[in-house]
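Use the sequences and the hints to build the structure in full.
Take 1 as the starting number for the sequence shown in UniProt numbering and just add one per residue.
No lab work stands behind these hints, which were simulated from the structure alone. Treat the hints loosely; a few may be bogus.
As the list claims (entries may be wrong) - Result set (PhoX-like, lysine-lysine): computed pairs, CA atoms no more than 25 Å apart in a straight line:
1) K46 with K13
2) K56 with K13
3) K56 with K46
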Amino acid sequence: MPTSTWFRLNVAKRERVLEVAMREFGEHGYSTGSLNTIAREAGIAKGSLFQYFSDKLEFFAFVCDEASRRVREEMERRIERIEFDQSFDEWLFDVLCDWTEYMADHPLERGVTAATNFELDNSVRSVVRDTANQHYLQVIHPTLELWKAEGAIREDADLAVLATWLMTLLPFLALAPYYDGLDPVHDLRGRTPVEQRPVIRQLVAGFRPMFAPEK
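Here's what the structure looks like:
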């Protein structure tokens, strides 16, 4: 958690620090991003970040948590608008299409997602991945349980396996269209959200035997 000094900053200044940090980490990574650059561009004194956070890891976790919260809350709003009266695989297709549209429209959050997944420093990656994973699972676990209770996911389906698949698929779809070398199979690099849809449908169909009830 940030120190009490952080919360004495006015809201606009806190938002500025967060925005600059998201951009810096999204472009350069957590461990290789410049805290001095963040302080300078946010208009705060050099070194003052450590008046607001106990150490770098706490700051990294905070930025990741705030970015992940933004993504989760917006996706929760979008999911609420998706028609629930359809099969699970069609519903999931709609959710994943919304996910790719969100990532296309939010480069700051997409950059933090990349930084979180590509971080090379083990101690940093452990902190930020654990932080981001909590936001993913906060939606994934109850959603899978709900669909299973509705009978749309077959009774013997392993929800832990499905959750693992989604935890792998979501970052892949978020990043593969924007970063080289992530998708040598479907060639998502450079595709628009609309152009990604056939691949999303193919991926959902390929995993359908894991969850689809027998007719």
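The hints, checked one at a time:
1. For the proposed pair K46 and K13, the alpha carbon gap of about 15 Å is at most 25 Å, so the pair holds.
2. With a C-alpha separation of about 19 Å, the suggested pair K56 and K13 falls inside the 25 Å cut-off, and the hint holds.
3. With a C-alpha separation of about 14 Å, the suggested pairing of K56 with K46 holds against the 25 Å cut-off.
Violated hints for the displayed structure: none, as all numbered hints are satisfied.
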